[in-house]
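A.B. asks: Can you build the whole structure from these sequences, using the hints too?
There are 2 protein chains.
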Amino acid sequence: MSLSIAHLGPAGTYAEQAAIAYADWYTQLTQQPTPILCPCPSIAQALQSTASGDTKLSVSPVENSIEGSVSITLDTLWQLDSLQIRQALVLPIEHILVAKSQQLQSIQAVYSHPQALGQCQTWLQKTLPQATLVPVSSTTDALNYVDEEGSIAAIASERAAQLYQLPIAQRSIQDHPDNCTRFWIVSQKGTPNPISAPEGSPVYTSLAFSLPANVPGALLQPLKIFNDRHINLSRIESRPSKRSLGEYVFFVDAEADLHTSFFQSALDELTSHTEVLKVFGSYPLVQVAGTYES
Amino acid sequence: MSLSIAHLGPAGTYAEQAAIAYADWYTQLTQQPTPILCPCPSIAQALQSTASGDTKLSVSPVENSIEGSVSITLDTLWQLDSLQIRQALVLPIEHILVAKSQQLQSIQAVYSHPQALGQCQTWLQKTLPQATLVPVSSTTDALNYVDEEGSIAAIASERAAQLYQLPIAQRSIQDHPDNCTRFWIVSQKGTPNPISAPEGSPVYTSLAFSLPANVPGALLQPLKIFNDRHINLSRIESRPSKRSLGEYVFFVDAEADLHTSFFQSALDELTSHTEVLKVFGSYPLVQVAGTYES
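Sequences listed follow chains G and Z, in order.
According to our numbering, the first sequence is numbered sequentially starting from 4.
According to our numbering, the second sequence is numbered sequentially starting from 4.
These are calculated hints, taken from the structure and not from any lab test.
Just so you know, these numbers come straight off a predicted model, no measurement behind them.
Keep in mind that the hints are not guaranteed to be accurate.
Copies of one chain are not kept apart here, so a pair can be met inside one copy or by any two copies together.
Here are the simulated lysine to any residue pairs, SDA-like style, with alpha carbons at most 25 Å apart [stated by the list, open to error]:
#	residue 1	residue 2
1	Lys-129	Ser-85
2	Lys-227	Ser-199
3	Lys-227	Glu-278
4	Lys-103	Thr-125
5	Lys-129	Ser-55
6	Lys-129	Tyr-148
7	Lys-129	Arg-246
8	Lys-129	Trp-28
9	Lys-227	Asp-271
10	Lys-129	Ser-154
11	Lys-192	Tyr-148
12	Lys-245	Gln-290
13	Lys-129	Ser-247
14	Lys-245	Pro-132
15	Lys-281	Trp-81
16	Lys-245	Ile-176
17	Lys-245	Thr-33
18	Lys-227	Ile-239
19	Lys-129	Arg-242
20	Lys-245	Val-282
21	Lys-281	Ser-104
C.D. replies: Here it is, written out as C-alpha cells:
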C-alpha cells in the first residue's frame, strides 16, 4: 500500500510542495511506490487525519522566516498529544502576483493566505497602495477570485499559477529574498519511520511544557536546565494555555538528540519544574534546494 | 481640539469597543470633549497614523487568551520605534453568530476575522460541521457577506450586529467562557499622557530585544537579569527577526515600573547582553468590566 501524506490543500499550496519534496525523496531512497498526497481543507484537519490513522504522515508548516510561527500547528500538536515529528524540511518560498492584466494600477484587491500577504506587505504597500488585501484560507484558494478584468489579483506559488493556467503579473514579490518556511513531517507516535535520517543532518528535539501558575521567574529554570548541559535552544515560542490570559505553554526546539544520556537527565529534571511536559520526538532537518519545479 | 483615537475599523470591531471604553473613561476623568474615533483598514495603518501624527492615540490588540499574540502589533511597534504604550485594557470578548435564518443546518459558510474563527473553532466543528470557514479582514467586514437565504453566517460582536441591524442566531459561541483580549493604547514617544494612571492599577513595562547571533543560551542571560532583581516577566514572546530563519526578537512584559532604580540597573545590564534593545514604556493595566453595551 502506498504511503499517504496529508497536507493543506488544494493542489498548489506550499504545504503540497513540501509534501512533494518529501515524497520524491522517499521514492528515491526506498524504491517504494510513489506516496499518495491527501489535500485537507485546513492544517488542523491534516494533522487530525494522521492522528486518527486515515493517513500515515502529515506535512505541516511550523514557522516562516518573516511571519513567524504557525500557531495552529503548535496548538494541534499539543492538544492531540499522539503525534511524533519525524523530519523537518526547510523550503524556500517565492511568491508571485497572479493577475489577468499586466496593468498593475488596475488592481483593486489582492487575495491570499494571511501569511503570504504578511510576507509581501512592503511590496504591496509600495506597488499597489490602492489595493484592498483580502485574507483567504490558502494561497491556492486565492486563485479562485482572480477576475477577467484584472481588478482582482492573487499571491500564490508559481506552481499553483501553472496548475490553474493563470498568468503571472510579477515574480519574487516577497519582501525578503531569503524567505523560507520550515515544515514538520509527523506520524503517529511509535510507528516506524518511513525513511531513516540522512547522515550528517543536524538533529533537533521538540518539546512543550506548561509552568506552575504564579511562580515568578518559572521559565528561567527550564532554560537553565538546558544551558547547564550545553544544549542550545534554537527556538522558544509561547502560546496561550487557553485557560486564562497570562498562562502559557512554551514550545522549545533543542539542538540535541533525545536519546542521549544528557538529554534524558535534562528531561528528568524538567519534570519537577514544569506542570505538563510533552515530547514530540527527535528528527533531522533537511534543506530543500530551490523551489519545486513541476 | 478633540483627542483622536485610531483603531481597526469599521465601526463594530472589538478594537472599536476598546477605543470607546477608553474614550468614555477619558471624558469622565478630564471633562474634555468626547474623543474622535478614527477607524483604519488595518492594525498596522492605525499604528502608523499615530506615528505620523495624524492621530494622537491608537488602540491595538496585543494578545487574546485563546488565540495568542497579535503579531502585526508587535512587529509594527518594533519597526516604527517611535511609539510609547500609555495604557493596557483587558476587554472580555463575547462572540455571536449572525445569520438570517434560525435554521443552523442551512448554514454553508461562516465568515469572520481569523482570530474570531480560532476562538470559536470547537463550537463550529460541533455545531456547524458542514460549514466552510472563511477568514476576512475584520469581524465587522464579515457581516457584509451574510445573505438573505441564511446560507452564509458571520461571527462578530453583539454591538456590530445591532449597528448593522442583523439578527443574532446564537450568543456566546466562544469556546472558552473567559475569552478576553488585551489592547494597548499607544501615543508618540514623549508626548503628554492624556490621562494619568488610576491609583492601585498594576504597572507593566514592555520592551523587546534581539540577541547576538549564534550565541548558545543567549536568552538565558536576559531572563536571569530580571530574575536577579525579582522582576517577574508576565509574558515572553518571540518574533522572527525577518533576516533569517532561527533569528528572533523577544518581546517581554515585566511586572515593574521602568522608573525604579532596580529596573534602570536591569536595563544597563541588558544592553551588554542584547544586540538591539527597544523600550516601549511603563503603563497601568485596567480591566473593562463587561462587554460594551451600545
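A.B. asks: Enumerate the violated hints, using their earlier numbering and listing them in ascending order.
C.D. replies: Numbers 2, 8, 11, 17, 21, in rising order.
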